[in-house]
Amino acid sequence: MADERVCYHQCRGVMMSSPKVNSTQATFLPSQVVKDDESALVSAAKTGDIQAFETLVSRYERKIFRLTQNITQNREDAEDAMQEAFLKAYEHLDGFQGNSRFYTWLVRIAVNQALMKLRRRRTNIVSLDEDVDTSEDTMPREVEDWGPSPEERYQQSELGDILSKAIGDLDPGFRIVFQLRDIEQLSTEETAEALGLSVPAVKSRLLRARLKLRHNLNRYFRRGATT
Amino acid sequence: MKCKEIVKELADYLDEDLDATLKKSIEEHLGKCQDCRLVVDTTKQTIQIFCNSEPAPLPAETRNKLHHALAKHLHHRNVTP
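Chains as they are written, first to last, in my numbering: chain A, -10 to 216; chain B, 192 to 272.
Treat each hint with caution, since some may be false.
[Stated by the list, open to error] Derived SDA-like pairs (lysine to any residue); straight-line CA-CA distance at most 25 angstroms:
#1 B:K223 - A:G185
#2 A:K77 - B:K199
#3 B:K195 - A:R211
[To be verified] Covered by chain A, according to a simulated footprint, are these stretches of chain B (three or more residues, beta-carbon under 8 angstroms):
#4 200 to 209
#5 212 to 219
#6 229 to 235
#7 241 to 251
#8 254 to 261
[As the list claims (entries may be wrong)] Taking CB as the label site, the calculated pair distances span:
#9 A:K77 - B:N255: 41 to 51 angstroms
#10 A:P189 - B:C194: 29 to 39 angstroms
#11 A:E178 - B:P250: 33 to 43 angstroms
#12 A:E141 - B:K195: 26 to 36 angstroms
#13 A:G213 - B:K215: 33 to 43 angstroms
What the hints contain is simulated information worked out from the structure, not anything from laboratory work. By construction, the Cβ of each residue, glycine as well, lies at the ideal position given by its N, Cα and C atoms.
Produce the entire structure from the sequences given, and follow the hints as far as they go.
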C-alpha cells in the first residue's frame, strides 16, 4: 500500500514548497514509480488470468470509484460506471498496447462511462465539449492565511467529507478537468484528449476550478476558522 | 506586473510551465505583494490536499456488487468459445 501512495499521490509538476504538506516527498512522474508487477499482471490478464485482473481491480477500485463518484455525483451511477469501466477494460485488454500506464488507460475508460451517466441523467447541463464562460473575473477576494495544515487540523474522514463537498459544488465542466489533471495526474494534453477539449480550454477551466476550490475550502481552512 | 496578471498566469506558474523571464517577474511581484503570495500559497495547498488525499474505502455493498459482476462476466467470457 505504501508503494501505491508513492505512485499516485505525488503532485506532479506542482511546486512542493509548502512545508506543511508532505514536503519530504520528492516529485516523481507516476510512470517513474509505478508498481513493478503491473505490466506482469496486465500481461497475465491478457492471457485470460482472471485472478491477475482481479488483483488490478482491487488495486484501483477505490480510486476509480472516487473518480466516477466525483464526476457523476450520484452513487448508483458511480457504481455502474465503475463496474462498466472494469468490464470494458477486461474486454479490450488486447487493445491496450502499453504506451501509457494501465491506470491512465483505465481512467480514460472510466471517465467515458461516468460522462455517459452524467449526460443521461442531466440532459440540461452544459456539454463538456461546449465552451463554458471562463471570462468572468477570477480575481480572488479572500486572501487569508490558512494557518495550520488542514491534514493536522481535521481527521481523515472529516477532511474527506470537506473535499467531497468542495469538489461537488463545482460545475461539471470545471470539476472533471480538476479531477483528471490534479487528482488523477493526467497531463494537460491527456486531459484535453480524454474530454475532447482544446489545451487552452483545459488550462482555462483548470485555473477556474483551482480558484473556486480554494474559495470553497477557505471557510474551513483559514486561520481562525471554527473546526 | 499587476495582481490580475499573476492570477492569469497562476495555473502555469504552479505547474512550472512558464518561461524563465515570466517566472522571474512573477516571483519579483510575489516578493512584494502579500495578497498574491497568499493566493498562490493557498491555491498550491488546495491542489496538494486533493492530490494527497486517500480515497475512502469502498462501501462493502458496492465492493460486493462489483466483484460479483466481475466474477459473473469474466468467468462467463472465459468459458464461452
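Here is what the structure says about each hint:
1. B:K223 - A:G185: Status violated; Cα separation ~40 angstroms.
2. A:K77 - B:K199: violated, 40 angstroms
3. B:K195 - A:R211: Within the cut-off at roughly 22 angstroms; holds.
4. 200 to 209: holds (count 7)
5. 212 to 219: violated (count 0)
6. 229 to 235: With 6 residues close enough to chain A, the hint holds.
7. 241 to 251: With 9 residues closer than 8 angstroms to chain A, the region 241 to 251 of chain B meets the three-residue bar; holds.
8. 254 to 261: holds (count 6)
9. A:K77 - B:N255: 41 to 51 angstroms: violated, 20 angstroms
10. A:P189 - B:C194: 29 to 39 angstroms: With a Cβ separation near 22 angstroms, P189 of chain A and C194 of chain B fall outside 29 to 39 angstroms, so the hint is violated.
11. A:E178 - B:P250: 33 to 43 angstroms: holds, 34 angstroms
12. A:E141 - B:K195: 26 to 36 angstroms: holds, 33 angstroms
13. A:G213 - B:K215: 33 to 43 angstroms: holds, 34 angstroms
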